[in-house]
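Asker: Each chain is listed here by its residues.
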Amino acid sequence: MAAKGKMNVEHLGGVARLREEHQKKVSGDYEALTERLQTLPDQLSYDIMVPFGPLAFMPGKLVHTNEVTALLGDNWFAKCSTKQAQKIVDHRMKYVKSEISDLSKTMKNFEARVGLVRDLESISSSKGDYVDIREDTENTGDIAVTKGKQRIAHKPNSKPKLDAVLDLKEEDEEKEGSRKCTTTEEELWARLDELEKQEELQDDHDRLSYNANMNGEDTSSLSSEEEKEGDAAPAVNGLAHSEAPPSSGRKADEEAAAAEEDDDEEEEGSCLPTIFFSHTIEPKKVRINTGKNTMLKFSERKEQKEHSKRKNKNGHSNGHSHHELHKITTPVDIYRLFVDVKNGEPVPRKSILKSRSRENSVCSDTSESSAADFEEGRRAVGRSFSHDETTQSDTSDGVTEEESPTAVPLHRASRFEAFSGTVVEKEPMPSAVPYLTISPPALPTILERKQEEVAPDVAPPQQAPKRLSKFKAARLQQN
Amino acid sequence: MAEALQKKLKAEVDKFTLMQKDVSKSMSARQKLETQLAENNIVKEELDLLDTTNTVYKLIGPVLVKQDLEEAKATVTKRLEYINGEIQRYESLLKDLEKKSDQHRELLSSLQQEYQKAQGLAVGKV
Numbered sequence: 001m002a003a004k005g006k007m008n009v010e011h012l013g014g015v016a017r018l019r020e021e022h023q024k025k026v027s028g029d030y031e032a033l034t035e036r037l038q039t040l041p042d043q044l045s046y047d048i049m050v051p052f053g054p055l056a057f058m059p060g061k062l063v064h065t066n067e068v069t070a071l072l073g074d075n076w077f078a079k080c081s082t083k084q085a086q087k088i089v090d091h092r093m094k095y096v097k098s099e100i101s102d103l104s105k106t107m108k109n110f111e112a113r114v115g116l117v118r119d120l121e122s123i124s125s126s127k128g129d130y131v132d133i134r135e136d137t138e139n140t141g142d143i144a145v146t147k148g149k150q151r152i153a154h155k156p157n158s159k160p161k162l163d164a165v166l167d168l169k170e171e172d173e174e175k176e177g178s179r180k181c182t183t184t185e186e187e188l189w190a191r192l193d194e195l196e197k198q199e200e201l202q203d204d205h206d207r208l209s210y211n212a213n214m215n216g217e218d219t220s221s222l223s224s225e226e227e228k229e230g231d232a233a234p235a236v237n238g239l240a241h242s243e244a245p246p247s248s249g250r251k252a253d254e255e256a257a258a259a260e261e262d263d264d265e266e267e268e269g270s271c272l273p274t275i276f277f278s279h280t281i282e283p284k285k286v287r288i289n290t291g292k293n294t295m296l297k298f299s300e301r302k303e304q305k306e307h308s309k310r311k312n313k314n315g316h317s318n319g320h321s322h323h324e325l326h327k328i329t330t331p332v333d334i335y336r337l338f339v340d341v342k343n344g345e346p347v348p349r350k351s352i353l354k355s356r357s358r359e360n361s362v363c364s365d366t367s368e369s370s371a372a373d374f375e376e377g378r379r380a381v382g383r384s385f386s387h388d389e390t391t392q393s394d395t396s397d398g399v400t401e402e403e404s405p406t407a408v409p410l411h412r413a414s415r416f417e418a419f420s421g422t423v424v425e426k427e428p429m430p431s432a433v434p435y436l437t438i439s440p441p442a443l444p445t446i447l448e449r450k451q452e453e454v455a456p457d458v459a460p461p462q463q464a465p466k467r468l469s470k471f472k473a474a475r476l477q478q479n
Numbered sequence: 001m002a003e004a005l006q007k008k009l010k011a012e013v014d015k016f017t018l019m020q021k022d023v024s025k026s027m028s029a030r031q032k033l034e035t036q037l038a039e040n041n042i043v044k045e046e047l048d049l050l051d052t053t054n055t056v057y058k059l060i061g062p063v064l065v066k067q068d069l070e071e072a073k074a075t076v077t078k079r080l081e082y083i084n085g086e087i088q089r090y091e092s093l094l095k096d097l098e099k100k101s102d103q104h105r106e107l108l109s110s111l112q113q114e115y116q117k118a119q120g121l122a123v124g125k126v
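Protein sequences appear in the order of chains W and S. Residue numbering for the first sequence follows UniProt numbering, beginning at 1 and increasing consecutively. Residue numbering for the second sequence follows UniProt numbering, beginning at 1 and increasing consecutively.
It is worth saying that the hints were derived from the structure and are not from the lab. Any given hint could be a false lead.
What the hints assert, rightly or not - Subject to a maximum C-alpha distance of 16 angstroms in a straight line, what follows is the list of computed EDC-like cross-link-like pairs (lysine to aspartate or glutamate):
1) W/K87 - W/E31
2) S/K58 - S/E70
3) S/K25 - S/E86
4) W/K83 - S/D51
5) S/K125 - W/E199
6) S/K125 - W/D206
7) S/K117 - S/E39
8) S/K125 - W/D203
9) W/K79 - S/D51
10) W/K87 - S/D51
11) W/K87 - S/D48
12) W/K79 - S/E70
13) W/K94 - S/E3
14) W/K79 - S/D48
15) W/K97 - W/D29
16) S/K21 - S/D96
17) W/K79 - S/D68
18) S/K78 - S/D48
19) S/K15 - S/E106
20) W/K87 - S/E45
21) W/K94 - S/E45
22) W/K24 - W/D102
What you are looking at is a predicted structure, and each value in this text was computed from that prediction instead of being measured.
With the rest of the complex left out, here is chain W (with noise of 0.2 angstroms):
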C-alpha cells in the first residue's frame, strides 16, 4: 500500500511539479511583457530590426505604440491601450499565481497521505500482529514436529521425543488457550489442519475403500468416520492416517471411536492444531475378522490418526477383541502375529503398529499428547504398554466418560500377548487417573487431556515408571 501510494505521490509530484514549472515560466513571461509594455509608449516610434522569417531582418519603425492586440485566450483577441494591456496581463498573472499555489497544496496533501500510510505501514509491522501469527507458527511447528516423530514411532526412542513434542504441543495448546487475540488465526491453522486431515482422510478412504474390498468391510463407514475424524481435529489425523494399517474394517469400533473422537477433536482443534492420536479403541491386533475385530483394528488405526475419544466404543470394543484375536482379516491380524511373536508383549506391536509409536509419540492431540507422556513412559516398558494405550485410549475415553477400564483388562487378558499388555494398562487406568489425572496410556478424552496438558509435563516420568510397573504387574497377573 505504502508503495502504491508513494507512487501515486510521486506521479502527482511529478505532474504538479511540471505544472509548476510551467506556471512559473509563464509569470516568468509575463513579468516580462510587463516591463516592456510599460517602456513601450516612452516613445511615439522605435526604429527597429523587424525580423523577416527566421534568418532575415529589415529595419523598420515600431508605431502606435501604444496599441495592443491583446490575446484574451481562446483565439479572442481585444485591441487595447497598453495600459489596458497591463490590467489584462496583471489579472493573467494573477490566475497563475493562483494555479501555482492549488497545485503545490494538492502536492502537499498527496505528501502528507503517502507519508501516513508509511506510518501505518510500519507501525503495523512493527505491532504484535506478527506476535500472533508467530504463536500460531509455533503450534503448527509443533504439530508437524509431532507428526514427523509419529511416523518414526516405532522406536522406542522416538516415543520420549514425541513426549517432548506433546509437552510442548500442550503447552502451545495452553498458551494459544489463554490468548484469544490469536484465536482467528489459530482458527485458521485448525482449519487448515482439518482440511490437511480431510485429504489425507481421502486419500485413506481410498485406501480403506481398497482394504474394505478385501475384508468386505465397510469402507464407507469408515471413510464417513474419517471424513468426521478430519473435520473436527487438525492435520495430525492425516498422519495417522498414513501410519495407519489398511484396516478398512472395522467400522463399528471407528465408527463410535470416529464419533466420539470427532467430537473430541473439535474440542481439541478449537484450541490448537494439536495432533490428536486417538488410541482408542482397542488394540488393533485384536479385531481383525470380524466387524468387530476391525473395528477395533480401525480404532487403532483412528487413534493413529488422532482421534481419541473412544469413550464408550473402547470398552465394547475391548471386548471383542478377545475372542477374534486369533482370526487374520486384515494385515493388522498379521501384524498383531508378528508383535505377538517378537516379545510376546506388545512391545513389538509397537513397533510393527504405527498407532503404537504416535500413540506414545504424540499423535493422539486430545488425549495422547497427555497419553503420549505416558505412552512413552510405557513403551520403554514394552510394546504391551503401547498396546494398552490404544485400548486404553479407548478406555481411557471410557474412562474419562465411562468407567470401561475395568472392562477391558479383562479383554486384554483373553486377546493375545499384546492385548493383554493394553488391557493392563487400562487396569491402572483407573487406578492412575485419580492422581494422574492425565489421561493413562490409552488416549483419555479431550478432557482429560486437558488436564493431562497442565499436568503431563510433571506427571508423565512420574506415572511411566509407575505404570509400567502396574502393566506389567497386571500383565504378569494376567499371565
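Given the coordinates of chain W, work out where chain S should sit on it, guided by the hints.
Answerer: Okay, now just chain S, sitting in the frame of chain W:
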C-alpha cells in the same frame, strides 16, 4: 478445464483492457474540456473588463476577424455553456465506464482464482 478457463481468462482480460482504454480516452477528453472551460472563463472576464472603445478580433485560421464586443461576449457565453454540457456528458460516460470496468475486474479476479485452482488441481493430479 484449465485450458478453457485460461481462454476465458484471456478473453476477459482483453475486454477489460479495451474498457480501460475507453475510460482513459473519455478522461482525457474531459480534461481538455476542462481547460477550455477555464480559458473561456478568463476570456469572459476580460471581455467584461473591456469597454467598447477597443475592438475585439477573433482568430479564424490565419485571419483576425473584427468582432463586436457584445457579439464576442455572447459567443463566449454560449461556448461556455456548451463546454459545461459536454463536461457533464463525459462525466456520466466516465462513471458508467468505471462501473463496468470494476465489474469486469471482479469477474477477472474470480476467473483467475478458478484458473489457479484448476491449475493447482492439475498439478496435484499430475
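Asker: Which numbered hints turn out to be false for this structure?
Answerer: Those not satisfied are hints 7 and 13.
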